[in-house]
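J.: The chain contents come next:
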Amino acid sequence: MRYVIVGSGPAGLSAIESIREVDRDNEVLLVTAEKYVGYSKPLITYLLGKMTEKSKMFYRTEEFLKENDVSILPETKITGLATEDKLLFAENGEKIEYDKLLIATGGRPFISEIEGLKGQDGIFTFTTWEDEEKVENYIKENKIEDAIVLGGGLIGLKTTEALMKLGLKVTIIELSDRILSVTFDRKASEIITRALKKEGCEVITGDTVVRVKGKKRISKITLKSGKEINTQLLIIAIGVKPNVEFLEDSGIDINRGIVVNEKMETSVNDVYAAGDCTEFLDLIDGQRKTIAIWPVAVSQGKVAGYNMVGKDSKYPGGIPMNSVELAGVPTVSVGHTNLIEENGFEVLTFENKDTYKKIVLKDNKIVGAILVNNIDRAGIYTGLILQRIDVSSFKNKLLDENFGFVYLPREFRKMMLEGDVKVWLE
Amino acid sequence: MKRILVREEYCIGCKLCEINCVAAQVGSSNLIKIYRYVPELPEPNLIVEEDEYTTFAIQCRNCDDPMCLKACITGAMHRDSFTGAIRVDKERCVGCWMCVMACPIGVIKRTNDGKKAASKCELCVDRGTPACVENCPNEALVLIEVGE
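Going down the list, the sequences are from chains F and U. Counting in our numbering, the first sequence runs from 24 upward without gaps. Counting in our numbering, the second sequence runs from 5 upward without gaps.
Please note that a few of the clues may not be correct.
Computed list of lysine-lysine pairs in DSBU-like fashion (alpha-carbon distance at most 35 Å, straight line) [claimed, not checked]:
hint: 1; chain 1: F; residue 1: Lys89; chain 2: U; residue 2: Lys94
hint: 2; chain 1: F; residue 1: Lys109; chain 2: F; residue 2: Lys221
hint: 3; chain 1: F; residue 1: Lys286; chain 2: F; residue 2: Lys250
hint: 4; chain 1: U; residue 1: Lys113; chain 2: F; residue 2: Lys385
hint: 5; chain 1: U; residue 1: Lys113; chain 2: F; residue 2: Lys73
hint: 6; chain 1: F; residue 1: Lys376; chain 2: U; residue 2: Lys6
hint: 7; chain 1: F; residue 1: Lys337; chain 2: F; residue 2: Lys109
hint: 8; chain 1: F; residue 1: Lys418; chain 2: U; residue 2: Lys37
hint: 9; chain 1: U; residue 1: Lys94; chain 2: F; residue 2: Lys221
hint: 10; chain 1: U; residue 1: Lys119; chain 2: U; residue 2: Lys6
hint: 11; chain 1: U; residue 1: Lys6; chain 2: F; residue 2: Lys188
hint: 12; chain 1: F; residue 1: Lys286; chain 2: F; residue 2: Lys73
hint: 13; chain 1: F; residue 1: Lys89; chain 2: F; residue 2: Lys58
hint: 14; chain 1: F; residue 1: Lys77; chain 2: U; residue 2: Lys94
hint: 15; chain 1: U; residue 1: Lys119; chain 2: F; residue 2: Lys221
To be clear about the criterion: a stretch of chain U counts as covered by chain F if any three or more of its residues have a C-beta under 8 Å from a C-beta of chain F, and this derived list gives those stretches [as the list claims (entries may be wrong)]:
hint: 16; stretch: 16-22
hint: 17; stretch: 45-57
hint: 18; stretch: 60-71
The following label-pair restraints were derived from C-beta to C-beta distances [what the hints assert, rightly or not]:
hint: 19; chain 1: U; residue 1: Tyr41; chain 2: F; residue 2: Glu86; range: 39 to 49 Å
hint: 20; chain 1: U; residue 1: Tyr57; chain 2: F; residue 2: Asn375; range: 22 to 32 Å
hint: 21; chain 1: F; residue 1: Arg279; chain 2: U; residue 2: Ile16; range: 54 to 64 Å
It should be emphasised that the hints constitute simulated quantities derived from the structure, not laboratory data. These figures come from a predicted structure and were not determined experimentally. C-beta atoms are modelled at their ideal positions from N, C-alpha and C, and glycine is treated no differently.
Taking the hints into account, I'd like the entire structure generated from these sequences.
T.: This is the structure we're talking about:
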């Protein structure tokens with residue numbers, strides 16, 4: 024028996040943990056396009072901004088892989104899959120046999136139509152450690168002092184923060200009318216925009232880059248509005264999509280991401296998928312979608328790993344959630360937060376200067392929460408969302424500064440404090 | 005694996021658990037000296053909640069399937085293989101607060117004494133018995149063995 028895991032992100036690594044929990048004997052082979060194995064992608068902005076160091080990039084270390092007796096094929100990009108023969112094809116010509124396969128290839132950045140992009144240096148996406156190295160070197164070698172970040176989502180903003188820590192003057196360009204429009208509501212976006220501007224960052228919304236000019240190296244961009252900005256560095260961070268192109272002819276069902284069931288099985292026998300390359304249920308609206316966040320990848324990987332070794336395990340679905348500190352402002356967004364009262368949702372808010380809290384409810388159950396500046400005990404809301412607790416008896420306490428378990432129904436509290444705490448719905 | 009059992013019907017809200025938690029982090033049991041001479045005391049790794057006649061202390065439940073472990077992007081949050089307690093390696097932690105967002109009990113705190121890092125109850129594994137349990141006068145906090 025040979026387990027093959029394609030992708031060394033959190034989904035792949037957590038699958039390895041559950042496989043090894045049950046099966047210590049059979050071969051586990053980890054195949055990854057990456058040069059570095061076991062590092063944490065979200066840490067690349069921390070590394071660029073010198074908020075962490077290289078030795079701390081590995082979320083799962085070499086010892087972990089050794090202890091778990093994992094064979095590794097790094098820098099091996101998979102380009103095809105023949106499920107009838109149980110064979111993977113790598114770009115370097117190698118053929119890899121498997122008995123049970125996990126596809127955990129994550130997402131990859133997409134790039135919008137921009138005139139003049141080809142053949143220019145100084146233009147990067149920013150999702151891998153290798154991207155980080157290239158950007159860091161480019162800044163050093165060319166003594167770059169300013170940068171344009173295209174895309175005001177989480178990756179764009181964390182990259183902005185890192186560049187600002189290096190002393191660069193950064194301009195964010197976002198197509199929609201505000202930054203973080205997917206994660207946050209208008210109010211929260213405003214607070215973060217204000218904090219960014221205060222630190223010297225420029226934020227342009229409702230506009231995008233349509234043309235790039237330069238001789239071998241970028242020197243100027245043109246916006247849709249016609250405005251021109253001189254720059255030597257452009258980071259494109261407009262979004263990521265499931266990295267599944269190599270499966271096109273494999274016969275595996277793919278919608279936007281790989282279609283999986285609650286056991287993380289794909290439409291083809293012995294092929295599993297987990298993490299940002301998949302689509303599965305959003306527990307709040309019941310829609311199938313890709314929720315490209317770390318905890319979902321870990322949970323899905325864990326479930327996939329168990330099922331690969333024959334231990335029955337189910338993943339019920341997930342909810343979006345993000346925690347990010349920007350320009351010194353800690354923020355948390357859980358669930359669906361952009362819903363409005365007109366559509367049958369109840370919205371509770373609290374505001375005091377730059378502190379902002381918002382709870383969105385539907386039928387007396389929390390479906391979303393935003394916390395800006397004061398994020399302490401945020402996880403209680405996450406737990407209430409996931410467990411679909413009726414909050415009618417303590418709704419008026421939800422936004423209290425001291426909101427806690429003391430206001431929750433006694434039975435539920437006793438269960439959480441005395442029973443086996445089991446929150447993630449598995 | 006150990007877990008602190010919270011028995012709210014026995015809690016009298018004296019907060020001895022809170023100050024003894026702080027003292028244990030400082031590494032002394034002399035409460036008076038600590039509160040008098042230590043300039044910047046750490047935050048207690050537990051929270052005493054109160055409302056009318058209900059009061060109890062709440063700290064890490066040491067969950068079987070911890071959300072904080074699943075949310076951690078650095079590997080800082082880990083289960084100690086010897087004691088089973090969930091601990092934070094503050095050197096690795098970058099302060100992304102994913103664990104603060106994920107912990108359904110809301111007992112992971114943010115600290116920033118020079119370096120941003122998450123802080124939580126680690127069951128006083130280096131000390132032996134949890135200081136809160138040891139100093140609870142009414143056995144409202146009890147250390148129990150759970151799981152295998």
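J.: Are the hints correct? Go through all of them and say.
T.: Evaluation of the provided hints:
1. Lys89/F to Lys94/U: 24 Å, holds
2. Lys109/F to Lys221/F: 56 Å, violated
3. Lys286/F to Lys250/F: 51 Å, violated
4. Lys113/U to Lys385/F: 29 Å, holds
5. Lys113/U to Lys73/F: 23 Å, holds
6. Lys376/F to Lys6/U: 42 Å, violated
7. Lys337/F to Lys109/F: This hinted pair holds, its Cα atoms lying about 24 Å apart.
8. Lys418/F to Lys37/U: 43 Å, violated
9. Lys94/U to Lys221/F: 30 Å, holds
10. Lys119/U to Lys6/U: This hinted pair holds, its Cα atoms lying about 29 Å apart.
11. Lys6/U to Lys188/F: 42 Å, violated
12. Lys286/F to Lys73/F: 40 Å, violated
13. Lys89/F to Lys58/F: Holds. Lysine 89/F to lysine 58/F sits at ~17 Å (cutoff 35 Å).
14. Lys77/F to Lys94/U: 16 Å, holds
15. Lys119/U to Lys221/F: With Cα atoms ~23 Å apart, lysine 119/U and lysine 221/F stay inside 35 Å; holds.
16. 16-22: This one is violated; 0 residues, fewer than the three required, reach chain F with a Cβ under 8 Å.
17. 45-57: As far as the stretch 45-57 of chain U goes, the hint holds, because 4 residues have Cβ atoms under 8 Å from chain F.
18. 60-71: holds (count 7)
19. Tyr41/U to Glu86/F: 39 to 49 Å: Given a distance of about 41 Å, which is inside 39 to 49 Å, the answer is holds.
20. Tyr57/U to Asn375/F: 22 to 32 Å: 30 Å, holds
21. Arg279/F to Ile16/U: 54 to 64 Å: Cβ of arginine 279/F to Cβ of isoleucine 16/U: about 56 Å, so the range 54 to 64 Å holds.
Checked against the numbered hints above, the structure breaks hints 2, 3, 6, 8, 11, 12, 16 and satisfies the rest.
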